[in-house]
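**Q** Be aware that the sequence shown starts at 1285, since it is given in this note's numbering, and climbs by one per residue.
Keep in mind that the hints were calculated from the coordinates and are not lab data. Mixed in with the good hints there might be a few duds.
[Unchecked claim] Straight-line Cα separation of at most 30 Å, DSSO-like style, residue types lysine-lysine; simulated pairs:
#1 Lys1390 <-> Lys1291
#2 Lys1291 <-> Lys1400
#3 Lys1400 <-> Lys1390
#4 Lys1400 <-> Lys1386
If you're wondering where the values come from, they're calculated on a predicted model, not measured in any experiment.
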Amino acid sequence: MSTTNLKDVQVGDALPALNPPPVDRTMLALFAGASGDHNRIHIDIDFARMAGSPDVFAHGMLSMAWLGRLLTQWVDQRQLRSFGVRFTGITHLGHAISCTGKVVEKFSEGGEQLLKLEIQTANQWGDVKVVGDAVVAI
């Protein structure tokens, strides 16, 4: 977790990026086991090809998990008030994903001081794969 004093954070400030290792088959197998999502499109090349994909590809929820880690390395998870994403592209084997975020609003609600964040994942070529937002308490 970051030691950033959130009271000093301003609109436009960036969260420290999270850069997990490039996606590989072992990562997908481990995530399938950890998440219980054994959809064959993510782990069986023959099945993926029959479905029209050249190879297996990452679970969307793996990218969402990385964004969750981006957030909880910046603030304690108890400060997280909302977190949602939309999947915009497929994360393929070999993609080196960068998870980023920025503060887009400071506001008060229900007696709490809050920050609204825009978050996303993108591959090494800048192709955005997941977009979302989160609200954290200061």
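**Q** Next step is simple, just say for each hint if it's right about the structure.
**A** Here is how each hint holds up against the structure:
1. Distance hint between Lys1390 and Lys1291 is fulfilled; the C-alpha atoms sit about 10 Å from each other, no more than 30 Å.
2. Proposed proximity of Lys1291 and Lys1400 is supported: the alpha carbons are some 13 Å apart, at most 30 Å.
3. Taking the CA atoms of Lys1400 and Lys1390, the gap is about 6 Å. The hint holds against a cut of 30 Å.
4. Of the supplied pair hints, the one linking Lys1400 and Lys1386 holds, its CA atoms being roughly 9 Å apart against a limit of 30 Å.
Violated hints for the displayed structure: none, as all numbered hints are satisfied.
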